[in-house]
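*Asks:* This is what each chain is made of:
Number of protein chains: 2
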Amino acid sequence: MAKELKDLTKRAENYSQWYNDLVVKADLAEQSAVRGCMVIKPYGYAIWEKMQRCLDDMFKATGVQNAYFPLLIPKSFLSREAEHVEGFAKECAVVTHHRLMNDPNGKGVVVDPEARLEEELIIRPTSETIIWNTYRNWINSYRDLPLLCNQWCNVMRWEMRTRLFLRTAEFLWQEGHTAHATSEEAQAEAIQMLNVYADFAERYMALPVVKGVKTANERFAGAIETYTIEAMMQDGKALQSGTSHFLGQNFAKAFDVKFINQENQLEYVWATSWGVSTRLMGALIMTHSDDNGLVLPPHLAPIQVVIVPIYKNNDQLADIDAVVNPVVDRLRNLGISVKYDNADNKRPGFKFADYELKGVPVRLVLGPRDIENGTVEVMRRDTLEKHSAPLEGIEEYVKNLLEAIQQNIYTKALNHRESMTYKVDTWDEFKEQIEKGGFLLAHWDGTTETEEKIKEETKATIRCIPLDAEEEEGKCIYTGKPSKRRVIFARNY
Amino acid sequence: MAKELKDLTKRAENYSQWYNDLVVKADLAEQSAVRGCMVIKPYGYAIWEKMQRCLDDMFKATGVQNAYFPLLIPKSFLSREAEHVEGFAKECAVVTHHRLMNDPNGKGVVVDPEARLEEELIIRPTSETIIWNTYRNWINSYRDLPLLCNQWCNVMRWEMRTRLFLRTAEFLWQEGHTAHATSEEAQAEAIQMLNVYADFAERYMALPVVKGVKTANERFAGAIETYTIEAMMQDGKALQSGTSHFLGQNFAKAFDVKFINQENQLEYVWATSWGVSTRLMGALIMTHSDDNGLVLPPHLAPIQVVIVPIYKNNDQLADIDAVVNPVVDRLRNLGISVKYDNADNKRPGFKFADYELKGVPVRLVLGPRDIENGTVEVMRRDTLEKHSAPLEGIEEYVKNLLEAIQQNIYTKALNHRESMTYKVDTWDEFKEQIEKGGFLLAHWDGTTETEEKIKEETKATIRCIPLDAEEEEGKCIYTGKPSKRRVIFARNY
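Same order as they appear, the protein sequences are chains A and B.
The opening residue of the first sequence carries number 1 in my numbering; numbering runs sequentially from there.
The opening residue of the second sequence carries number 494 in my numbering; numbering runs sequentially from there.
Just chain A, with the same shape it has in the complex (with noise of 0.2 Å):
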């Protein structure tokens, strides 16, 4: 067994800490010189890079556009939303000057004090103020909107506590831009975008998630309405794993930007943004990796499927290969991403452990008796399984089965979150089973106060109001004031 593997916590025993290691084990991501920013390793950039592929298809498909807007903002444009600076301006790099010097004390290189900007610059936390400062010269008529920009950036937060994918001061983002002529137009891109999300989430990454609107107390600072899903870590907490908003008019009230309507007044624009970050990689990493290492959806896993000869000598080496050589090339014809691991300087157990560390969802084995009898062996990474097969025909049951795998660790993942999800109707009931993780269905009295009280004796946050939550009178958990649905609180991520 590899080392790598041996050293792997188990779930059971640290689920915080199996995360941590696994990340950087498999090789994914591990933390730079620079407080809280992470480097991403290839493996890891190689899942976002399909990641991105994926969701830029789907975007591009909706009629966005991808577009470049600058790193940094000038200070001032920050003030201009008032809610937004609330949330933004606080936690940011500050760019204060332009050029360094010999230091005149001695070796290396000191600020020079002469180089100050007239006016600070942070790196962007995000970038409607930027935007729409830019958008206000592009929009002058009713036939420029729809406008639907979208760019794949860097952004940054000094967050204090951070953790790899999770929660890093800098991560990787899209962040979509949108401006229209209604509010209804606009309203109805926040639900689209919303629903490219959680389609992009079950069809790819296998991750099962409840698409809601966030309570005032969450919302992104500016928006006037936070759509949110959120899905479950098998620790039972949510994690919020991307975000839509309808803006109203606030940013084009901020900077200014009308534009002549069809009645031929000038009239506010209306906005959305949109985004999805690095974060997904944390999902993804936490939703369906076991302690054996990571377990990939077929639709994302860099690798599908690796190929693994067992020999003696070269002789039987080449009879192997002579077999794979047309299997490979078979299964790249059907668009299957395959390796065919045969360098000689690692045994097969060894990497066997390898590829299961990094999620392979199948691994294919053969060896001398396999190649006499027409046989291969095939092993799933989702349940660990392996069976014979026989060689001939064998891409179009990889095919199959790589389709089975992605179906199966859904399905898990699904049953795994409704099992986790309670009906909970007491403030007793509430605090016993919150403390056990899991989605709990409340009823709330709607108000701000309620929802901080009980964040702050429980932990628990509102993840959302379900889109589909089913209207039902009922009685708040902490309150006992009427309500007429209930949300879902959680400890999260």
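Everything labelled a hint here was simulated from the structure, so no lab data went into it.
Even for Gly, the Cβ is constructed at its ideal location relative to N, Cα and C.
Careful: at least some of the hints might be erroneous.
[Said to hold, decoys possible] Here chain B is said to cover these stretches of chain A; the calculated rule only asks that three of the stretch's residues, wherever they fall, bring their Cβ under 8 Å from a Cβ of chain B:
hint, segment
1, 27-38
2, 68-78
3, 83-92
Following the hints, position chain B against chain A.
*Replies:* Chain B in isolation, oriented as in the chain A frame:
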């Protein structure tokens, strides 16, 4: 004629202004509210995305993997490599604080003096330092080599005089950073990536380039050898379009990156780095475009074919739609990106001028008479020639035409460069010719002193010593000292 086009400065009047006008009017990019930082607009970004995709595939075909390293670099890292700090530490964005606070004396926000960083952080001007600091932990033995990483990211250099795409404070680029066990292997890698860049420039951008090596004076700060591809713009000035550096063991020594070689000895690792940036957009625009607007190479054009219908009423449009829609499908099946612009809110003349301005390589126009005759009017953007072609088989015709245009604009650019490349043997000739622009092939005595004097007197720099320069006895154009080969002098962007 569209207003935008009428306002476009002519190249002969003011080449520099023509370029600036074109970038803005063709919706490629614009200045932002932040000094020296540009906004890349959707049409410009779509071209950049195509470039990225092609280059990324070419890198990966050589075994390179993508990764991501932090935006911010500790100030002290820059001082580790003596030459590197001279080249990059001077004009850069310095992060000194991590928090803003409400202004106690009024509205808005100010820097919180208590949130001063212990060590200032620099926004990366290039990432050798942070990457080699990371590689120290990734490399132990020759088995870990070669290590071939690339990242697509933003970088920042505080330029005083900026021009859209050509020189901006923030720009997008890729930077490859490779680590090798031997000097020979690293040098071969640097040359291999230079060839990838040249190949990309010629095959996709239709941009002929000279491959060469930089003089000591023009080398990347910290490199042993800098290789470059140099292109000539229409005004005869040179544009450095990509560089690839052999870094020797300089960064390995600065960051203490050693490996155990096959002889079981500890040795410093050998390095390369190589990059191209959004500057390539400037090269693309300046090389092929004309007084009517952009001319885009078909291999990088976001829209390769536009189809415009000419009609007087809805019946006529319906007839044209019925003919065009299947043509659109068949073109797309051939992998050609096509836009059928049957919007009725703009006149055909406006559309024609707009697509010319945007550089769409092929325009097809159909009116009622074409439908009757089974013909279509074909306009190619590179020559602006129009002719009638049979509708039958138009897809294959267009496909071939796109390749012909790609070839034609490459040949045109190559002929232009050759017509403006001169062998110059006297200093008087040199001074006269440099005023007219072009590449001057001249002998040089090999000293930095002479190079700098020539630059002072003529603003010409040595663009490169061409890799294929013939050995030839000669005398330095400036000092008369002996020289063994000609180098390329030019004024440059």
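*Asks:* If a hint holds in the structure, say so; if it does not, say that too.
*Replies:* Evaluated hints:
no.: 1; hint: 27-38; in the structure: holds (count 6)
no.: 2; hint: 68-78; in the structure: holds (count 11)
no.: 3; hint: 83-92; in the structure: holds (count 5)
When each numbered hint is compared with the structure, no violation occurs for any of them.
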